[in-house]
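Asker: Here is how the chains run, residue by residue.
There are 2 protein chains.
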Amino acid sequence: MALKIYNSLTRQKEVFEPINAPYVGMYVCGPTVSGESHLGHARPFITFDVLYRYLLHLGYKVRYVRNITDAGHFEEEGKVAEDKITSKAILEKLEPMELVQKYTHLYHWAMDQFNNLPPSIEPTATGHIIEQIEMIKKIMTDGFAYEANGSVYFDVIKYNEVYSKKNQPYGILSGRNLEDQLDTTRELDNQDEKKNKVDFALWKKAPVEHIMRWQSPWGEGFPGWHIECSAMATKYLGKKFDIHGGGMDLQFPHHECEIAQSTVCNHELPARYWVHNNMITINGRKMGKSYNNVVKLSELFDGSHPILTQAYSPMTVRFFILQSQYRGTLDFSNEALQASEKALRRLMDAYEWLKAQSFTSEKKSTDASLDQQLKTWVNELPEFMEDDLNTAKVVANLFEMVPVINSLKDKHITAEAVSGATWQLVQAQLTLFIEQVLGIKVESGVNKKQLNGVIHLLIDIRKEAKAKKDFATSDKIRNQLLEMGIQIKDEKDGEVSFTFS
Amino acid sequence: MALKIYNSLTRQKEVFEPINAPYVGMYVCGPTVSGESHLGHARPFITFDVLYRYLLHLGYKVRYVRNITDAGHFEEEGKVAEDKITSKAILEKLEPMELVQKYTHLYHWAMDQFNNLPPSIEPTATGHIIEQIEMIKKIMTDGFAYEANGSVYFDVIKYNEVYSKKNQPYGILSGRNLEDQLDTTRELDNQDEKKNKVDFALWKKAPVEHIMRWQSPWGEGFPGWHIECSAMATKYLGKKFDIHGGGMDLQFPHHECEIAQSTVCNHELPARYWVHNNMITINGRKMGKSYNNVVKLSELFDGSHPILTQAYSPMTVRFFILQSQYRGTLDFSNEALQASEKALRRLMDAYEWLKAQSFTSEKKSTDASLDQQLKTWVNELPEFMEDDLNTAKVVANLFEMVPVINSLKDKHITAEAVSGATWQLVQAQLTLFIEQVLGIKVESGVNKKQLNGVIHLLIDIRKEAKAKKDFATSDKIRNQLLEMGIQIKDEKDGEVSFTFS
Numbered sequence: 163m164a165l166k167i168y169n170s171l172t173r174q175k176e177v178f179e180p181i182n183a184p185y186v187g188m189y190v191c192g193p194t195v196s197g198e199s200h201l202g203h204a205r206p207f208i209t210f211d212v213l214y215r216y217l218l219h220l221g222y223k224v225r226y227v228r229n230i231t232d233a234g235h236f237e238e239e240g241k242v243a244e245d246k247i248t249s250k251a252i253l254e255k256l257e258p259m260e261l262v263q264k265y266t267h268l269y270h271w272a273m274d275q276f277n278n279l280p281p282s283i284e285p286t287a288t289g290h291i292i293e294q295i296e297m298i299k300k301i302m303t304d305g306f307a308y309e310a311n312g313s314v315y316f317d318v319i320k321y322n323e324v325y326s327k328k329n330q331p332y333g334i335l336s337g338r339n340l341e342d343q344l345d346t347t348r349e350l351d352n353q354d355e356k357k358n359k360v361d362f363a364l365w366k367k368a369p370v371e372h373i374m375r376w377q378s379p380w381g382e383g384f385p386g387w388h389i390e391c392s393a394m395a396t397k398y399l400g401k402k403f404d405i406h407g408g409g410m411d412l413q414f415p416h417h418e419c420e421i422a423q424s425t426v427c428n429h430e431l432p433a434r435y436w437v438h439n440n441m442i443t444i445n446g447r448k449m450g451k452s453y454n455n456v457v458k459l460s461e462l463f464d465g466s467h468p469i470l471t472q473a474y475s476p477m478t479v480r481f482f483i484l485q486s487q488y489r490g491t492l493d494f495s496n497e498a499l500q501a502s503e504k505a506l507r508r509l510m511d512a513y514e515w516l517k518a519q520s521f522t523s524e525k526k527s528t529d530a531s532l533d534q535q536l537k538t539w540v541n542e543l544p545e546f547m548e549d550d551l552n553t554a555k556v557v558a559n560l561f562e563m564v565p566v567i568n569s570l571k572d573k574h575i576t577a578e579a580v581s582g583a584t585w586q587l588v589q590a591q592l593t594l595f596i597e598q599v600l601g602i603k604v605e606s607g608v609n610k611k612q613l614n615g616v617i618h619l620l621i622d623i624r625k626e627a628k629a630k631k632d633f634a635t636s637d638k639i640r641n642q643l644l645e646m647g648i649q650i651k652d653e654k655d656g657e658v659s660f661t662f663s
Numbered sequence: 163m164a165l166k167i168y169n170s171l172t173r174q175k176e177v178f179e180p181i182n183a184p185y186v187g188m189y190v191c192g193p194t195v196s197g198e199s200h201l202g203h204a205r206p207f208i209t210f211d212v213l214y215r216y217l218l219h220l221g222y223k224v225r226y227v228r229n230i231t232d233a234g235h236f237e238e239e240g241k242v243a244e245d246k247i248t249s250k251a252i253l254e255k256l257e258p259m260e261l262v263q264k265y266t267h268l269y270h271w272a273m274d275q276f277n278n279l280p281p282s283i284e285p286t287a288t289g290h291i292i293e294q295i296e297m298i299k300k301i302m303t304d305g306f307a308y309e310a311n312g313s314v315y316f317d318v319i320k321y322n323e324v325y326s327k328k329n330q331p332y333g334i335l336s337g338r339n340l341e342d343q344l345d346t347t348r349e350l351d352n353q354d355e356k357k358n359k360v361d362f363a364l365w366k367k368a369p370v371e372h373i374m375r376w377q378s379p380w381g382e383g384f385p386g387w388h389i390e391c392s393a394m395a396t397k398y399l400g401k402k403f404d405i406h407g408g409g410m411d412l413q414f415p416h417h418e419c420e421i422a423q424s425t426v427c428n429h430e431l432p433a434r435y436w437v438h439n440n441m442i443t444i445n446g447r448k449m450g451k452s453y454n455n456v457v458k459l460s461e462l463f464d465g466s467h468p469i470l471t472q473a474y475s476p477m478t479v480r481f482f483i484l485q486s487q488y489r490g491t492l493d494f495s496n497e498a499l500q501a502s503e504k505a506l507r508r509l510m511d512a513y514e515w516l517k518a519q520s521f522t523s524e525k526k527s528t529d530a531s532l533d534q535q536l537k538t539w540v541n542e543l544p545e546f547m548e549d550d551l552n553t554a555k556v557v558a559n560l561f562e563m564v565p566v567i568n569s570l571k572d573k574h575i576t577a578e579a580v581s582g583a584t585w586q587l588v589q590a591q592l593t594l595f596i597e598q599v600l601g602i603k604v605e606s607g608v609n610k611k612q613l614n615g616v617i618h619l620l621i622d623i624r625k626e627a628k629a630k631k632d633f634a635t636s637d638k639i640r641n642q643l644l645e646m647g648i649q650i651k652d653e654k655d656g657e658v659s660f661t662f663s
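Chain order of the listed sequences is W and D.
Residues are numbered in the numbering used here as their position in the first sequence, beginning at 1, plus a constant of 162.
Residues are numbered in the numbering used here as their position in the second sequence, beginning at 1, plus a constant of 162.
Because the hints were derived from the structure by calculation, they are not lab data.
Please read all numbers here as calculations on a predicted model, not as lab measurements.
Take the hints with a grain of salt, since some may be wrong.
One copy or any two copies: either way a pair holds, since identical chains are not told apart in the list.
To be verified - Simulated crosslink set (DSBU-like; lysine-lysine; CA at most 30 Å straight-line): (1) K625 to K300; (2) K175 to K517; (3) K638 to K628; (4) K264 to K402; (5) K525 to K537; (6) K571 to K630; (7) K223 to K555; (8) K603 to K573; (9) K631 to K571; (10) K571 to K451; (11) K401 to K526; (12) K573 to K631; (13) K573 to K628; (14) K631 to K223; (15) K300 to K555; (16) K299 to K397; (17) K525 to K166.
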């Protein structure tokens, strides 16, 4: 067995071979923190979390870098106009870093809710301005970028001419032909500054009202969007690293531009495997402001978006996403989420029950075919993961096992049907694949209201027992509650309260 | 009433007057994320969180900036030697930003546990290298810094000469006399580079093995510690802002150096009010590695440090710290924490009970003196806060009210003793001061184990009831549990389980 992963660059599944095993370098494009994370962000971050988890499970030492884009033009609805009055005192002005802080905080909260492991490094664009400037200088020195009016542009035509001869034309990843792009690209702002409309900005001159600005050899400005990923990936993972990931919408132009920038600077393609997850649609439509179907993660978790009839737990959303293989399309709807919620509960009920059972490894099986079937199902789990992270098939096999577990629980079969060793294998592999690999957390669902309700019921029963002179029962309740650190107080006149210790 | 705050700069309590009300700019020195946060970090961050909360309560629009020091020399135990082998591939080398990520994550987790509000901006030193370089250039241009062998030093003697004439000598904040310092300062590394041993580094040349390094006009290096706070405070709060906070140990040299740097660049003292919390001692001793008494916050929360006999909740620690006024010394011990835990539970039990009661505002009081006493206690709460954040007195008054609340709860007094309006006032002010101002969160303390235990006890009682043919009781238990979404299953042969819906 070996992990096979679909490489967008070669358009085929390939065996994953790290450049320098056991080390693996993985770069994933992170969010722009100018707004709250939405459902569209959930899929890439969960997909690459599962890839990260699986690589760790395989024993690789992974450096997982996921950036935070905090440079550029930031605005919060209704606040931009205000900000442009430059005569105001500094404290009265909109400070983009306040928005960065607010949305970074919300983003981290959401990632934590999803049980995504923190990446090894989360570099920010504003934290790497110098590195970006250095990279731009290098690209200019090599003749692939030019300054125009305080901005710097990448010369795509020249790059394509030179690198086409090396079999690495501009468009190598997305398969887009530069001639077609030249024919179809619409006119852009500032395009008169550019030699060609396909050129992209490496550095932008900051207009007077632009707050985020840094000193550079070309005057005050800010970096273009693409250069940050090239600079930070090179800094933390080296000139050539193993995996570059992101949503399919980033293939062009973002990843194409990254390839061009890094290739000029480092003289090779930056990453070996380019991995892209497919998009999420909402009730069959593209997600977009005009459709009013952009569901923020907080709205998903509290059910406040109009297309939802209820709140969905982060684990339900995670499970919903992992029920499909990451390269397939995924249509989101309230109904689909409800189905996932129900399915997840069914799976976790069976799993948690089985996990609590004890099996003796010496016990032989009385139903060899069932025994073998269970072994097959669990042994297929790594095979599915290693076939381009087919979490859909992993989930399907988990559900094959649920009725067997429930039969054991309901005593329709006895534990002896299956050997103790096989039960132990099933337990161990379920824990590994559900909790470690898929990252599904057992949700407690316990709340204080429930505990209060149950305790008050006990106190009530105890009063009745005392009334019936059943002191054995009333003492038992008092003593056992005390053992749990729950003390009944104030019983004298019918009002009862209790405290936890 | 007006907020009075002790200003370390003038060595007296002063009425707080913002430079540009309603805006308030506050800068607090944050942690160096080269290790896990410990008890010593808890006090400043909780102190300034309470100040932030109180300023917000007073209606100010506060921009609260708390930095993260992530530049400098980073090491993790046992990892540094390995890192120095520079021939290794980039992924095999220690990457300081991995440690930064790890410890920043832990730090944010701890701040969240303490219920500290996130600051408005959390700028990082590595995110502001350009701003620091620009500031150093300015200081050099003005003649208060000099380059030596790729490093840049601040000329303290010259600064003192020039600014003593303007009544702002070096040492103005800490009261230290420069001549005394010249006599007593011990010889330092690289001191031969420096003109005088009191000079401090603005920029340090990076030795070959130093990983964190940036291009600068003086070659590759990294910023000195003090310059980051000057650069970031100026950027986000302006040349002169309202409050600069930190632990008392930062007065000298850190804040003194900040004052010198910012004054040279901006021609005025950077902050109007300098606020310093006192230190925490542990069992009467200074905290330090040599005493083996550095308690990490995670060790505090799980009770794993040898000086602790149990785990303490973040709210217990917060409450313990707020039981003293921030400028007093505070001795930490296991016993003191136990006492705080008990006291907090007593307070919160009374508070939560009172909060759940309903009072009608029309009801008159039958005990005018008690009514007046309660009003006095709550009216004193803002007075104490406004007297230099005297949380110790706030807590004391809260405890004055606990026996009154408990008397009402225990029916030793009737609700009519006090007017409905006063009870409502007490309810509102307790919520304001306990939850909003002191930031004490109601802790649920509910866990699945407790709930399981209680339910199993009920199931047990139900079985006994059935054995005694007491079907009224057994049905009552089943039905009421069902109403709470708890279903008893598999009762047939003595094994009982249940599920939550």
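Asker: For every hint, state whether the structure bears it out.
Answerer: Hints versus structure:
1. Taking the shortest alpha-carbon separations for K625 and K300, neither the intra-copy value of 82 Å nor the inter-copy value of 80 Å comes in at or below 30 Å.
2. In the homo-oligomer, the alpha carbons of K175 and K517 never lie at most 30 Å apart, since the shortest distance is 35 Å inside one protomer and 62 Å across protomers.
3. In this assembly of identical chains, the alpha carbons of K638 and K628 lie at most 30 Å apart whether taken from the same copy (11 Å) or from different copies (16 Å).
4. Taking CA atoms no more than 30 Å apart as the test, K264 paired with K402 passes between copies only; the shortest distance there is 25 Å, against 34 Å inside one copy.
5. Only within a single protomer do K525 and K537 lie at most 30 Å apart by alpha-carbon distance; the minimum there is 16 Å, versus 73 Å between protomers.
6. For the identical chains of this complex, K571 and K630 are inter-copy neighbours only, at 28 Å across copies versus 37 Å inside a copy, given an alpha-carbon limit of 30 Å.
7. Taking the shortest alpha-carbon separations for K223 and K555, only the intra-copy value of 26 Å comes in at or below 30 Å, while the best inter-copy value is 53 Å.
8. Proximity of K603 and K573 under a CA criterion of 30 Å is satisfied intra-copy only: 27 Å inside one chain copy versus 46 Å between copies.
9. Proximity of K631 to K571 under the C-alpha cut-off of 30 Å is restricted to the inter-copy arrangement: shortest distance 28 Å between copies versus 38 Å within a copy.
10. Taking CA atoms no more than 30 Å apart as the test, K571 paired with K451 passes in neither setting, with 48 Å inside one copy and 54 Å between copies.
11. Proximity of K401 and K526 under a CA criterion of 30 Å is satisfied in neither setting, with 55 Å inside one chain copy and 79 Å between copies.
12. Taking CA atoms no more than 30 Å apart as the test, K573 paired with K631 passes between copies only; the shortest distance there is 27 Å, against 39 Å inside one copy.
13. In this assembly of identical chains, K573 and K628 lie within 30 Å of each other by CA distance solely across copies; the values are 23 Å between and 38 Å within a copy.
14. For a Cα distance limit of 30 Å, the shortest separation of K631 from K223 qualifies neither inside one copy, at 67 Å, nor across copies, at 64 Å.
15. When the C-alpha separation of K300 and K555 is checked against a cutoff of 30 Å, the pair qualifies neither within a copy, at 47 Å, nor between copies, at 62 Å.
16. In the homo-oligomer, the alpha carbons of K299 and K397 lie at most 30 Å apart both inside one protomer (16 Å) and across protomers (26 Å), since each shortest distance falls under that limit.
17. Taking CA atoms no more than 30 Å apart as the test, K525 paired with K166 passes in neither setting, with 37 Å inside one copy and 76 Å between copies.
When the structure is compared with the earlier hints, violations turn up for hints 1, 2, 10, 11, 14, 15 and 17 and for no others.
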